[in-house]
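K.L.:
This is what each chain is made of:
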Amino acid sequence: MQNTILSLIIIIILGACTPVKPWQRGTLAKEEMSWSYDPLQDALKTHITFSKEGSSGGGGSAGGGCGCN
Amino acid sequence: MGSICQLKFYCHSKEIADRISQDAINEALRLESKYSRYLDNSITSQINRSSGNKNGVIVDEETTALLNYADTAYQQSNELFDITSGVLRKAWDFTSNNIPTKNNILTYLKLVGWHNIIWQAPKLILPYAGTEIDFGGYVKEYATDVLARIFLDSKLEFGLVSMGGDINVFGPHPDGKPWQIGIQDPRSEVKKAIAYINITKAALASSGDYERFMIVDEQRYCHIINPKTGWPIQNSFASVSVVAEQCLIAGTSATIAMLMEHNGKAWLENTGLDYLGINASNAITGTLSVN
Amino acid sequence: MKTNKNTVILALTSSAMALPAYSNNTISYRYSNYQEDDVPEGRVVTGSNKRYDIDIHQFRLLSELSDNYKFGLDIAQETLSGASPWYTSDPDNDGNPDLVMSSASIKDERTDVNISGTYINDKTNYTLTLGSSTEDDYQAQSAGIDIAKNFRNRTLDSINAGLSLSADTIDPTNSIFLNQDRLTEEAEKDSLSLYLGAGWIINKLSTIRSTLSYTKLEGYLTDPYKFLDRRPNIKTQWAWTVKYRYFLTKLSTALQTNYRYYTDDWGVDSHTLETSLYTNISESLKFIPSFRFYEQTAADFYRLPGNTDGIFYSDDSRLSNFYAFSGGLTIKVKTDSITYVISGERYVSDGNEHQGLVNYNTFTIGIDYSF
Numbered sequence: 001m002q003n004t005i006l007s008l009i010i011i012i013i014l015g016a017c018t019p020v021k022p023w024q025r026g027t028l029a030k031e032e033m034s035w036s037y038d039p040l041q042d043a044l045k046t047h048i049t050f051s052k053e054g055s056s057g058g059g060g061s062a063g064g065g066c067g068c069n
Numbered sequence: 070m071g072s073i074c075q076l077k078f079y080c081h082s083k084e085i086a087d088r089i090s091q092d093a094i095n096e097a098l099r100l101e102s103k104y105s106r107y108l109d110n111s112i113t114s115q116i117n118r119s120s121g122n123k124n125g126v127i128v129d130e131e132t133t134a135l136l137n138y139a140d141t142a143y144q145q146s147n148e149l150f151d152i153t154s155g156v157l158r159k160a161w162d163f164t165s166n167n168i169p170t171k172n173n174i175l176t177y178l179k180l181v182g183w184h185n186i187i188w189q190a191p192k193l194i195l196p197y198a199g200t201e202i203d204f205g206g207y208v209k210e211y212a213t214d215v216l217a218r219i220f221l222d223s224k225l226e227f228g229l230v231s232m233g234g235d236i237n238v239f240g241p242h243p244d245g246k247p248w249q250i251g252i253q254d255p256r257s258e259v260k261k262a263i264a265y266i267n268i269t270k271a272a273l274a275s276s277g278d279y280e281r282f283m284i285v286d287e288q289r290y291c292h293i294i295n296p297k298t299g300w301p302i303q304n305s306f307a308s309v310s311v312v313a314e315q316c317l318i319a320g321t322s323a324t325i326a327m328l329m330e331h332n333g334k335a336w337l338e339n340t341g342l343d344y345l346g347i348n349a350s351n352a353i354t355g356t357l358s359v360n
Numbered sequence: 361m362k363t364n365k366n367t368v369i370l371a372l373t374s375s376a377m378a379l380p381a382y383s384n385n386t387i388s389y390r391y392s393n394y395q396e397d398d399v400p401e402g403r404v405v406t407g408s409n410k411r412y413d414i415d416i417h418q419f420r421l422l423s424e425l426s427d428n429y430k431f432g433l434d435i436a437q438e439t440l441s442g443a444s445p446w447y448t449s450d451p452d453n454d455g456n457p458d459l460v461m462s463s464a465s466i467k468d469e470r471t472d473v474n475i476s477g478t479y480i481n482d483k484t485n486y487t488l489t490l491g492s493s494t495e496d497d498y499q500a501q502s503a504g505i506d507i508a509k510n511f512r513n514r515t516l517d518s519i520n521a522g523l524s525l526s527a528d529t530i531d532p533t534n535s536i537f538l539n540q541d542r543l544t545e546e547a548e549k550d551s552l553s554l555y556l557g558a559g560w561i562i563n564k565l566s567t568i569r570s571t572l573s574y575t576k577l578e579g580y581l582t583d584p585y586k587f588l589d590r591r592p593n594i595k596t597q598w599a600w601t602v603k604y605r606y607f608l609t610k611l612s613t614a615l616q617t618n619y620r621y622y623t624d625d626w627g628v629d630s631h632t633l634e635t636s637l638y639t640n641i642s643e644s645l646k647f648i649p650s651f652r653f654y655e656q657t658a659a660d661f662y663r664l665p666g667n668t669d670g671i672f673y674s675d676d677s678r679l680s681n682f683y684a685f686s687g688g689l690t691i692k693v694k695t696d697s698i699t700y701v702i703s704g705e706r707y708v709s710d711g712n713e714h715q716g717l718v719n720y721n722t723f724t725i726g727i728d729y730s731f
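Protein chains in written order, with this note's numbering: chain L, 1 to 69; chain V, 70 to 360; chain G, 361 to 731.
Don't take every hint at face value.
[As the list claims (entries may be wrong)] The calculated EDC-like cross-link candidates involving lysine to aspartate or glutamate, where the alpha carbons are at most 20 Å apart (straight line), are:
| no. | chain 1 | residue 1 | chain 2 | residue 2 |
| --- | --- | --- | --- | --- |
| 1 | G | K694 | V | E287 |
| 2 | V | K224 | L | E31 |
| 3 | V | K77 | V | D92 |
Just so you know, the hints here were simulated from the structure itself, not pulled from any lab data.
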């Protein structure tokens with residue numbers, strides 16, 4: 001059920017897309033709008049939560065393993 | 070720098086456009102005041118005033134890198150690209166229509182030679198009084214790249230920087246179409262393009278025999294002087310334009326191609342860079358397609 | 361433009377790279393400390409109640425060799441000390457299981473190295489990554505390929521896909537806290553992972569990205585340091601993530617939200633929701649508070665003691681039904697070529713009586729230098 005709602009929200013958001021000219025992308029190029037503004041911090045958090053929780057993945061490139069899980 | 074600087078770019082906000090343009094202009098002025106040989110306080114003037122002084126001058130990181138580059142270019146060009154050759158302009162006065170005497174040329178020729186310079190970063194020593202170095206042969210192309218970098222670092226990816234014919238196209242028009250760059254007709258008395266080149270993202274620099282010259286007895290003598298003979302180049306392109314990733318590389322390659330005289334075309338072909346060469350009868354050769 | 365330049369051009373280019381306008385490199389360093397809360401004293405049967413204390417050093421070098429080539433090097437080194445749960449037991453029969461802990465003298469060091477090379481052509485990035493992780497009792501080698509295609513003029517902004525493989529070797533023979541009936545010699549674990557994702561520009565101020573990933577693990581998947589642990593030797597997992605970014609212009613703040621749904625064939629399903637508010641206090645000062653919520657169901661074979669029958673069994677709290685909250689703050693100070701970073705986070709988990717569920721603090725300081 002939750003996933004259906006989430007899918008609907010996403011479809012509605014996508015339907016509301018307005019075309020953006022390439023030179024209007026200034027805001028989107030800022031560091032704070034990037035998918036990962038601190039890759040090292042993200043790597044550490046991913047590693048810690050992977051060791052302490054039962055889930056993993058979804059982030060993008062799947063790296064190597066460790067003995068911590 | 071004595072030439073017109075043009076910034077053409079696309080930006081979504083006027084404030085940002087003004088701010089980045091100002092940053093670029095400031096950087097151009099900084100490089101000019103640092104390296105111009107016409108300004109007393111420039112590094113160039115300080116270095117040249119120290120010629121004959123065994124203690125030499127200590128230079129900063131940017132100047133160190135520029136001198137190392139000049140050293141590399143000297144070695145890669147059979148010693149034809151020589152930043153100590155500027156002193157020969159004192160022998161050749163292109164407004165006089167007179168060819169200097171052999172002694173006249175020799176007086177200055179003995180002060181020419183990068184191999185005479187003692188360069189051990191960061192210390193530069195010009196052992197013989199009267200020796201001069203000049204960054205003018207490549208600092209403008211470097212400046213063009215520096216300015217293009219300012220735009221790219223600010224995430225402005227569509228536009229070009231042009232400093233009197235040295236051009237760095239850091240991105241196409243937003244629809245992906247290239248910029249049309251005009252190549253000056255080397256034999257026209259007015260500013261006129263002989264051909265146009267399309268550039269999407271690359272740098273272009275040109276060198277030619279038409280900027281400062283004199284014609285004596287139907288022979289052309291131009292400002293590009295061979296540092297080994299002391300005489301202006303003969304049997305070279307009338308002008309050559311080279312395309313490379315960096316304007317600095319394009320400019321050095323164009324200059325070396327001219328200095329190689331009749332070997333210039335073969336040398337340029339060997340580099341693998343795209344170029345457009347125009348000979349004395351205005352015939353166009355080279356690997357670049359023109360419109 | 362032809363790409364094969366001769367040695368003259370290569371010599372000039374590499375000499376030019378030393379000039380400030382041309383090189384684009386970053387070196388980053390982070391020191392972090394991770395500290396788990398002690399197990400409440402009354403809940404430890406034997407062993408130490410002091411849990412993990414880990415020091416982590418991260419080092420990264422990113423280099424843009426030209427418009428078309430990038431290079432990356434990552435080195436991480438961690439030193440771990442502290443005790444960990446060996447098994448659960450209920451000696452006082454009060455219905456609340458206590459922990460039998462290992463001793464506190466566990467000391468382990470891990471070093472992880474990753475090298476990557478990226479080739480960029482016509483808005484498409486191709487990246488190859490090789491990695492190696494080594495610790496006393498565990499070795500992992502990995503390789504991965506990532507492809508990212510960016511579009512210039514469309515609502516669909518990017519497509520990303522990747523594949524990675526990992527081959528791990530476990531060799532836990534140096535510990536007396538071994539699993540009772542397993543593993544007296546080396547064991548192996550292999551994994552394969554694939555993902556596919558796409559990103560869209562919604563408008564000038566917001567973007568969204570979604571990725572689906574699939575991972576298959578095979579080999580020795582049991583935890584050799586948990587007493588009666590016995591897990592299947594095959595596992596399939598799926599994860600679906602959605603990331604959303606929205607810029608609040610008046611506040612000069614970016615809202616970042618990430619959601620992940622995870623499910624595997626061991627019975628664990630989870631939801632993760634993270635939000636940060638990247639706030640520009642000024643050009644050089646950034647405050648980034650963040651918050652995370654996590655919730656998972658238990659693995660099918662997870663049980664607390666009393667019933668250890670069955671082909672598979674685990675009393676590892678990480679496979680139990682629990683939820684967790686964490687909150688943190690990161691502060692960045694940016695100067696011309698250096699960024700200073702300091703951050704802290706508090707994480708608490710709950711949802712059942714297993715005393716193995718952790719609460720922890722992390723603290724990080726670091727620096728990024730561009731040259």
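K.L.:
Evaluate each hint against the coordinates.
P.N.:
Hints and how they fare:
{"no.": "1", "hint": "G:K694 to V:E287", "in the structure": "violated (63 Å)"}
{"no.": "2", "hint": "V:K224 to L:E31", "in the structure": "holds (11 Å)"}
{"no.": "3", "hint": "V:K77 to V:D92", "in the structure": "holds (14 Å)"}
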